[in-house]
Amino acid sequence: MMRIYAIIAVMVFSVFLSFNSYSAPTAVLDDENCMMCHKYPGLTRVNDEGYLRLFFVESERYDHSVHTKVKCSGCHTDVTEIPHKEAKKVDCTTECHIKNSGSEKPFSHKKIQDDLQASIHNPENEYVRAKIIEDFPTCTNCHNNPSYRFLENDIDSVSDARHKKRVLQKCNVCHDNTAEYTYFFNHVTHRIKDLAPSEDVVETCSKCHSKDDMAKKHKLKNAAATYLDTFHGKAVEFGLENAPTCIDCHVKTGESAHKIMSYKNPQSATFEENRYLACKDSDCHANPGKGFGTIRMHTVIDKNIYPVEFYTALGFTILTIGAFYPLLGLMILELIRELFPNFSFRRKKKKD
Amino acid sequence: MMRKMPLIKVKNGEKHYLKITHGQKRQHYILMTTFLLLVLTGFPLKFHYYGWAGSTIEFLGGLTVTRIIHRISGVIMVGLFFYHWYYLIKNVMNYYVTPARKTGTYSFKELMLFMYYSPMCPRKKDWDDIVDFVKFALFISDERPKHERFHWREKFDYWAVFWGIPVLGITGIFLWFPVWASSFMPGWAVNISYIAHSDEAMLAVSVIFIWHMYNAHVNYDKFPMSPLFITGYLPEDLMKHEYYVEWARINNVVEKDPSLMVDIDKQEENEKLSHEEKLKIVRDQMSFLRKNDRGEE
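Quick note, the sequences are listed as chains A and E, same order. The first sequence runs contiguously to residue 351 in numbering that gives the first Met the number 0. The second sequence runs contiguously to residue 296 in numbering that gives the first Met the number 0.
If a hint is listed, it holds; no wrong ones were tucked in.
Straight-line distance between alpha carbons at most 25 Å, and here's what the computed DMTMM-like set of lysine to aspartate or glutamate pairs gives:
id, chain 1, residue 1, chain 2, residue 2
1, E, LYS45, A, GLU236
2, E, LYS265, E, GLU13
3, E, LYS123, A, GLU333
4, E, LYS45, A, GLU240
5, A, LYS263, A, GLU133
6, E, LYS45, A, ASP211
7, A, LYS215, A, ASP134
8, E, LYS145, E, GLU235
Honestly, the hints are just simulated from the structure, not real lab data.
Pulled out of the complex, with its shape left as it was, chain A reads as follows:
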């Protein structure tokens, strides 16, 4: 029965999209004939920097990606002829011919770009400590033309209402929230598999935030390592469902993940007085107070940053060494004595 519902949902979703897409409702069209060359796996070139560039486009994979309805020239706007010269890097804010769901406006990621510019991930942000442009992420650092997560043979029952809420919140970042749109997405997401697994989110953030050298340059902590050392990180690591990820704390409920702000910014989800709100919205901790937000999630044993934690760890280290090693020494002494039971340093008195 679940499978039937899912199939119906997919059909409805497809019909919905077909009315809003420029291309035909069937398989991806290649009326620009780009696949004439790019269908070959061996299509590669070594660029001027010495890196191998792969120009192969896997049709089946692309057909199931989120950009399946977009023509090649929709993003590669500088390609106007075949054969073409080296194409420029794709500008993700380009408007394409796909119509925005629920409206007739052309779709664009410009809003996302604006959010990113306003976030801490912009080198020009006032809270950035080291303005090293190459260290800051662009669209393709996190996104790689992901596939739709729902597959016909991959049906799972998603009963947690939180998932639906998260799905719609993410959709609303780009698409206008109209009654019609909400109806279709509610209908479709009822059958959609989980959002990005927690591990994937952590993995994406860890691409940069697990690098010690980068953290040092920007005067930050190794956020990925310190996160994995928390119960949150371990829950993700050991596959606990709905374990909190980076986004759950660093992004306010309902906001885009691209709007992560500095913890010093009063508007930030991680601003000291706002932290408990993220926990409040979760299903994990019931009614947390403001004090709950003062628990540190990225603790490092550093005397200058967290002296209390540092001296606590130092105290227990001394206690462990001070208690265990003397006992170990006594144990070794006794073992040696047992091996030589008749030996003695005392001189035996000579018999008269």
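The hints should help you fit chain E onto chain A, whose structure is shown.
Quick look at chain E alone, frame taken from chain A:
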């Protein structure tokens, strides 16, 4: 205590001396079991970056199950801790306070002496034993220290628990209920609890798995395992070797009251049936069944 368990048992021609009672054995079983479960469920989290951590969690049924086991074990261990305090107080009352008051001979000084000379109380003799041990271990002396019922190593293990369980219990509660803890404490107190809980567990494991296991199951002729925690008794050679004073004390008590020694060999010998008795039992049974078949009353 002495009425329930004999101080000396003779079995297979060898004397076995009482060291721990049934109640103490049961407490040890609970402590041992909960300790092992807590280590099994807690250390994969502490060392989450090792491959065996994930395998262990998966074997136990996933993180959800693991943390439930951890918490239940922790609650039981803390419960045992409080029960043990009750056990100690009960013993003080039963063996001194109540009898002394009933007989009108109670005195606070004697109560202090009673507690001072109780088996687990650290005393000056323990320091003397340590000195004697060091001399012996360094080949200065040929005489081993003559220990009492519980020597200084066992007392160290015993009292270490009184430090470890409160630390682990309190920090464990703070980590279990962080919302409650942060409602009356600063947030960094929860962070400190995290560090303390983890590091204290590491210390406990080091002491128990190496120091305690060596002393209890490896030292001298105990390997591969001492029967003490199973039977409560130790053979005479072990008693003389490690607990000479206790061996002498028990012998002295039994000499005055021979009923505190049970000769299991004699009991088994007395219970053996002679050939004639066996035949009589069998023949009586056959005769009864034969009469029953014939319908005779």
